[in-house]
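Asker: Using the sequences and the accompanying hints, generate a full structural model.
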Amino acid sequence: MRVVDLCLASEGTEVILATSSDEKYPPENMIDGNSTTFWTTTGMFPQEFIICFHKHVKIERLFLQCYFAVPALRQGAPPGQGTPHRRPKGGQEVRGIRIEKSNAKEPVDFERWVERDLVLTEGQMQMEEFMFRDGYATHLRFIIKSAFDHFVSVHKVNIEGISVSSLT
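Here numbering that gives the first Met the number 0 is used: the first residue of the sequence shown is 0, the next is one more, and so on.
To be clear, the hints were calculated from the coordinates, so they are not data collected in a lab. Where hints are given, some of them may not hold.
Calculated lysine to any residue pairs in the SDA-like style (CA-CA distance at most 25 angstroms, straight line) [to be verified]: (1) Lys54 - Ala8; (2) Lys54 - Arg111; (3) Lys144 - Val107.
Answerer: Structure follows, in structure tokens:
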């Protein structure tokens, strides 16, 4: 079987829940394959989104493209443009994300899969890579526990793996 990007709308994947919504930056932007479009949070934490594959998949590698400090959104400019982010004071440079997985037909019975602290990359998009051996899932829940600013933008979720079976 061929390894593909499982996290694309064109593969049948959907974002079935997102705790923030802005019509200019909808959650579907995370799975459109375009890293210039994005979903943004609305300023409170934690934030989360759930991705449904509509099939059983084996995930080998996951890439998350995001900004965990997005002050330019408040000014109406795209991330990476506008006022540069200043490093937080007092050593508060690391923020966290947790990814949970479910093998159920419905988005229930999630189990903690991976949790990571992220380091601020000033003025640059964060590229987080996760490698897996036990990557079987039908749904993934991403919980953004905290960030470097009030807003987060998630540009792309890329999931390399294979389709194992359909949901029946």
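Asker: Which numbered hints turn out to be false for this structure?
Answerer: Violated hints: none; all satisfied.
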